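S.K.: Listed here are the chains, written in short residue letters.
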Amino acid sequence: GAVVSQHPSRVICKSGTSVKIECRSLDFQATTMFWYRQFPKKSLMLMATSNEGSKATYEQGVEKDKFLINHASLTLSTLTVTSAHPEDSSFYICSARAGGGYEQYFGPGTRLTVT
Amino acid sequence: GENVEQHPSTLSVQEGDSAVIKCTYSDSASNYFPWYKQELGKGPQLIIDIRSNVGEKKDQRIAVTLNKTAKHFSLHITETQPEDSAVYFCAGGQGAGNMLTFGGGTRLMVKP
Numbered sequence: 005g006a007v008v009s010q011h012p013s014r015v016i017c018k019s020g021t022s023v024k025i026e027c028r029s030l031d032f033q034a035t036t037m038f039w040y041r042q043f044p045k046k047s048l049m050l051m052a053t054s055n056e057g058s059k060a061t062y063e064q065g066v067e068k069d070k071f072l073i074n075h076a077s078l079t080l081s082t083l084t085v086t087s088a089h090p091e092d093s094s095f096y097i098c099s100a101r102a103g104g105g106y107e108q109y110f111g112p113g114t115r116l117t118v119t
Numbered sequence: 673g674e675n676v677e678q679h680p681s682t683l684s685v686q687e688g689d690s691a692v693i694k695c696t697y698s699d700s701a702s703n704y705f706p707w708y709k710q711e712l713g714k715g716p717q718l719i720i721d722i723r724s725n726v727g728e729k730k731d732q733r734i735a736v737t738l739n740k741t742a743k744h745f746s747l748h749i750t751e752t753q754p755e756d757s758a759v760y761f762c763a764g765g766q767g768a769g770n771m772l773t774f775g776g777g778t779r780l781m782v783k784p
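In order, the protein sequences belong to chains A and B.
Sequential numbering of the first sequence, starting at 5, is according to the numbering used here.
Sequential numbering of the second sequence, starting at 673, is according to the numbering used here.
Bear in mind the hints are in silico, worked out from the structure with no lab data behind them.
Careful, some of the hints might be misleading.
Chain A regions said to be covered by chain B (calculated; three or more residues, Cβ under 8 Å) [stated by the list, open to error]:
| hint | region |
| --- | --- |
| 1 | 71–82 |
| 2 | 105–119 |
Capping the alpha-carbon separation at 25 Å, the derived lysine-lysine pairs in DSS-like fashion look like this [what the hints assert, rightly or not]:
| hint | chain 1 | residue 1 | chain 2 | residue 2 |
| --- | --- | --- | --- | --- |
| 3 | B | Lys743 | A | Lys59 |
| 4 | A | Lys18 | B | Lys714 |
| 5 | A | Lys46 | B | Lys709 |
| 6 | A | Lys45 | B | Lys709 |
| 7 | B | Lys694 | A | Lys45 |
| 8 | B | Lys783 | A | Lys45 |
| 9 | B | Lys743 | B | Lys694 |
| 10 | A | Lys46 | B | Lys743 |
These numbers were taken from a predicted model, which means no experiment stands behind them.
Here a beta-carbon is modelled for each residue, glycine too, at the ideal position from N, C-alpha and C.
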């Protein structure tokens with residue numbers, strides 16, 4: 005149980021284009037989903053928290069107009085990187101938590117490369 | 673806010689030996705402390721967690737201890753195996769409904 009998927013696992017896009025990453029909870033309802041960014045050999049940096057049906061809460065320093073987050077259902081959240089630039093290249097990971105639960109379960113991550 | 677520090681950053685042990693990773697936290701209101709294992713190119717996997725109402729929890733070869741007074745918690749892996757090699761992250765938070773703060777990670781290498 006507690007499986008979270010992400011799609012795509014890898015994506016390469018050109019500078020100036022947008023890319024969408026999907027995060028799905030496969031066997032539970034995720035009232036809260038989190039989006040993290042991870043640089044090589046570094047820890048997880050929380051970008052934003054999204055609750056189903058509500059606007060996402062962004063961490064300080066994260067541009068909400070650049071990283072669009074949608075959590076329209078209890079099993080799906082999306083992160084759209086708009087007008088991507090090479091400095092946006094990173095490993096993006098989502099996690100999901102059931103309502104009232106303590107545990108966060110992570111997806112496998114998406115490697116974004118912007119050329 | 674919460675601040676979680678993790679030590680050591682790298683740890684090398686011989687197969688069969690034990691490994692211990694330690695974390696400290698700053699917010700006395702934190703009551704939930706999970707540990708994650710991350711293999712190269714993959715997402716973190718929850719391996720064990722502990723809540724503040726207990727001092728120790730064990731699951732086969734892994735165990736976690738919590739000292740609320742000192743605000744530190746530790747991961748213990750016994751009889752290490754090469755497949756235990758990975759990066760381990762501790763985290764702390766106020767449980768249900770709240771975000772987690774992660775430590776900096778420990779790269780564990782188990783030499784066969």
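S.K.: It remains to establish, for every hint, whether it holds in the given structure.
M.R.: Taking the hints in turn, this is what the structure says about them:
1. 71–82: violated (count 0)
2. 105–119: With 10 residues close enough to chain B, the hint holds.
3. B/Lys743 to A/Lys59: violated (34 Å)
4. A/Lys18 to B/Lys714: The given pair, whose Cα atoms are some 24 Å apart, holds under the 25 Å limit.
5. A/Lys46 to B/Lys709: OK: A/Lys46 and B/Lys709 at ~14 Å, within 25 Å.
6. A/Lys45 to B/Lys709: holds (14 Å)
7. B/Lys694 to A/Lys45: Holds, because 19 Å separates the two Cα atoms, which is no more than 25 Å.
8. B/Lys783 to A/Lys45: holds (20 Å)
9. B/Lys743 to B/Lys694: With a Cα-Cα distance of about 11 Å, the restraint between B/Lys743 and B/Lys694 holds, given a limit of 25 Å.
10. A/Lys46 to B/Lys743: With a Cα-Cα distance of about 23 Å, the restraint between A/Lys46 and B/Lys743 holds, given a limit of 25 Å.
Consistency with the previously given hints fails for numbers 1, 3, ordered from lowest to highest.
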